[in-house]
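Chemist: Each chain, letter by letter, is given below.
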Amino acid sequence: MPDLSTFVCAAPLREYSHVILGHGGGGVLSRDLIDGIFLAAFTNPLLDRLGDSTVLDLAADLRPGERLAVSTDSYVVRPLFFPGGSIGELAVNGTVNDLAMSGAKPLVLTAGFILEEGLAIAELATVVERMAAAAQAAGVRIVAGDTKVVERGHGDGVYINTSGIGVVPAGVAVGQEPVQPGDAVLCSGTIGDHGMAIMSVRESLAFEAAIESDSASLHDLVAAMLAACPAVRLLRDPTRGGVATSLNEIATLAGVGIEIDEEAIPVNPPVAAACEILGLDPLQVANEGKLLAVVPAAAAQRVLAAMRGHEQGRNAVLLGRVVAAHPRLVVMKTAIGGTRVIPMPIGEHLPRIC
Amino acid sequence: MKHLTEYRDAEKARRLAAEIGRIVTRPWAIMEVCGGQTHSIIRHGIDELLPSEPDRRVEMIHGPGCPVCVTPLETIDKALAIAADPRVIFGSFGDMLRVPGSRENLFAVEGAGGDVRVVYSPLDAVKLARQHPDREVVFLAIGFETTAPANAMAVKVAKAEGIRNFSMLVSHVLVPPAIEAIMKSPGNRVQAFLAAGHVCSVMGTWQYPPLAAAWGVPIVVTGFEPLDLLEGIRRAVVQLEAGRAEVENAYPRVVTEWGNEPARAVIREVFAPVDRAWRGIGVIPASGWKLSDAYRDFDAEQRFAVGGITAVESPLCKSGAVLKGTLKPNQCPAFGKECTPRTPLGATMVSSEGACAAYYNFRYA
Amino acid sequence: MCLAVPGQVESIRDDNGTRMGRVNFGGVIKDICLAYLPDITVGDYTIVHVGFAISRIDEASARETLRTFEELGILAEGLAELCESTPEGGERLDFGGEDKPTRLAFLRPPARPS
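Residue numbers (this note's numbering), protein chains in the order written: chain W, 25 to 378; chain B, 435 to 799; chain A, 71 to 184.
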């Protein structure tokens, strides 16, 4: 009988600087990645059990009258890192904000990763650290996860999906009353920062500017707003497609017209300048840390005050109002006193020369 | 932004509009030639401020100064064929990506596997050629005279550096022949022109007096911001009311009589005049530029065998009449039905300042 | 065709024989080709189209233009006040303001997607 006490596994090196297909294979290499990267950053008692699923004891977390909200979103941004953030912050804040638009405080998140073979492990580690930091700032835990690896050329480094469960407090009734003429439309701050931050590092369109992504979690701001007015008609986070898309969605769904004032629109000067150069409309540019709120007219000033008292809402404005005229159309009163329709953007906005 | 924001002053805009309202005594139709001017008029709602009574009004007719709108269908189809070639990285200004060819557009070609890249400057396309020596980089060089110096410099640099894997598909168009074509067009209602300020910053204003004299139309070289546009319109109305037909420069901070001579020198070196077909209008003699003999090696049409293209225009599309100002978009039978910004039949519905897209977004009755 | 934006030249350099510069557009800095403006200097303002400076902005001319806007308006308002106080039969002025029907009155609902 050979002496098994001196057995040394003949497996090859387990230290890799880049993701390889084996990292998605479910075996030792996968475990290395999970331990070394994901658990190291996300560690919490629920996740650390590493079961195939995670059991939540909601009886402990839910009080009478509270309801659950659930949401999912996938993040495919390129480049992975940009001024003011990375795909990591987006993946956490984006889903937290989806929950917040229902008035929910985030409870738990899941995180699924699709990694491209060849992604630098150091880059992955940074993304994951940023996610952990964002989750901590938002007061939410990541309790389940998954990792797959695809062949080189079949992914943009990393795609992330996060799903979230949140708790809607008792008495909060966002969306219970329909949007109606007379309601006020509020915007929590400057628009276009995120989209132009991405644009500033896109090859062939790049420019230097003090523009940063505004990625941030908004549930705290929402809580402050709901304290001022529990019967907020509607909340929307204007991500892809910008404020123009969200306003058009609201107008179409509610069958109402919306009027906004160009002079009220808050835009950071370098964002405005960058849009001028590329021929883009800030209303169509993505945001990741802003929200639109439709509230009864009588509550508008109260809610605005609550927003302005909060870090995420310090530049909040009364953007416009819901009207009975021109149903399903969003119209803007221009700074010089003219009017124009704000159409639903077609899709990808393209820099223009004309 | 300095030299921009001052020209968007709301109070001064209202006063200028009021002044126009004060002096107008008859209905007038003025054409702004440049698509950028159309875009600005619509974006700021400038035409909303103009007098609009049936017997005392200023009507703005949107001109064909949108190179996206007038790029011939054949050129788009050639661009699509070249972009689909696996050897090619196809560079283009963003405006062109949604323009429909006979069957598809650059977005669709990209979806099917073509390598299409949006660039801000033609020099970025040359950079792509340097970065990818194993690929053929083709740049879609469209535009009016404003863009010609930039497109010319790109190919000049490529030639100077011996960059062999770069070529351009050229479709430049010129303003003065367009003005002539519009005045000659049966049913033309245009009585005065706002000439394109940035075209003139390159070319100067010296080409316009013969046109003003020959056709008896005021031509006011105009900028793009609300105050500049309103001032251009005001001067045109002053002339119309007085029965004058002269060239005026209402954009003197940027435009001079002789324009930018170094730019025109490079244009003369790189480009040569050619008869050009304008989509929807037809062939206008000597209305375009092609690459000169010295630069023929960089002509993508020569480098890529893209002959045998039969362009099929939608029979429903009335872009041509719209571009000449003889038909309003909402008078076109297909408007809002078969033809919408999401399903455009012609370039005027696609381009951000195409008249049809502008009207659709306004929903005029 | 003519989306061109004003910016201020911050620095100039020679890039392999081509005159390039860093131009500041209200806080956004881009590398721009200055080959067509051989006389432009740092501090000048220029109009930039697709990465190329095509014209220098004449500051004196700009000031003059803005001054005429300032004065024109005042003149027009003075005349307006004069005319509005004319007895019946005087010409009524059109300010293009709140009492005019806006174009919204002509709007129709969007066409149904087919």
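What the hints contain is simulated information worked out from the structure, not anything from laboratory work.
Quantities reported herein were computed from a predicted structural model and do not represent experimental measurements.
Keep in mind that the hints are not guaranteed to be accurate.
Using C-beta positions, here's what the derived DEER-type ranges look like [claimed, not checked]:
id : chain 1 : residue 1 : chain 2 : residue 2 : range
1  : A       : 111       : W       : 251       : 39 to 47 Å
2  : W       : 293       : B       : 568       : 50 to 58 Å
3  : W       : 351       : B       : 749       : 41 to 49 Å
4  : W       : 56        : B       : 568       : 57 to 65 Å
5  : B       : 521       : W       : 42        : 50 to 58 Å
6  : A       : 111       : W       : 204       : 43 to 51 Å
7  : A       : 111       : W       : 144       : 57 to 65 Å
8  : B       : 461       : W       : 96        : 54 to 62 Å
9  : A       : 81        : B       : 568       : 30 to 38 Å
10 : W       : 64        : B       : 521       : 24 to 32 Å
List time: in silico SDA-like cross-link candidates among lysine to any residue, alpha-carbon distance up to 25 Å [said to hold, decoys possible]:
id : chain 1 : residue 1 : chain 2 : residue 2
11 : B       : 561       : W       : 69
12 : B       : 561       : A       : 83
13 : B       : 771       : W       : 279
Chain W stretches covered by chain A per the calculated footprint, using a threshold of three residues with CB under 8 Å from any CB of chain A [said to hold, decoys possible]:
id : stretch
14 : 54-65
15 : 99-108
16 : 132-138
All C-beta atoms, glycine included, are put in the ideal place defined by N, C-alpha and C.
Chemist: All hints, please: hold or fail.
Modeler: For each hint, the structure was consulted:
1. A:111 x W:251: 39 to 47 Å: Because 57 Å falls outside the window, the suggested range is violated.
2. W:293 x B:568: 50 to 58 Å: Since residue 293 (chain W) and residue 568 (chain B) have Cβ atoms about 42 Å apart, the given range 50 to 58 Å is violated.
3. W:351 x B:749: 41 to 49 Å: About 34 Å separates the Cβ atoms of residue 351 (chain W) and residue 749 (chain B), which means 41 to 49 Å is violated.
4. W:56 x B:568: 57 to 65 Å: Check failed, 37 Å falls outside 57 to 65 Å.
5. B:521 x W:42: 50 to 58 Å: violated, 30 Å
6. A:111 x W:204: 43 to 51 Å: violated, 59 Å
7. A:111 x W:144: 57 to 65 Å: With Cβ atoms ~45 Å apart, the hint is violated.
8. B:461 x W:96: 54 to 62 Å: Hint holds: Cβ distance 58 Å, inside 54 to 62 Å.
9. A:81 x B:568: 30 to 38 Å: holds, 35 Å
10. W:64 x B:521: 24 to 32 Å: At 46 Å between Cβs, range violated.
11. B:561 x W:69: Distance ~52 Å between residue 561 (chain B) and residue 69 (chain W) Cα, so the pair is violated.
12. B:561 x A:83: holds, 18 Å
13. B:771 x W:279: Roughly 21 Å between the alpha carbons, so the hint for residue 771 (chain B) and residue 279 (chain W) holds.
14. 54-65: violated (count 0)
15. 99-108: With 0 residues in contact (Cβ-Cβ under 8 Å with chain A), the coverage given for the stretch 99-108 of chain W is violated.
16. 132-138: Answer violated; 0 residues pass the 8 Å Cβ test.
Figure legend: structure checked against the earlier numbered hints; hints not met, in rising order: 1, 2, 3, 4, 5, 6, 7, 10, 11, 14, 15 and 16.
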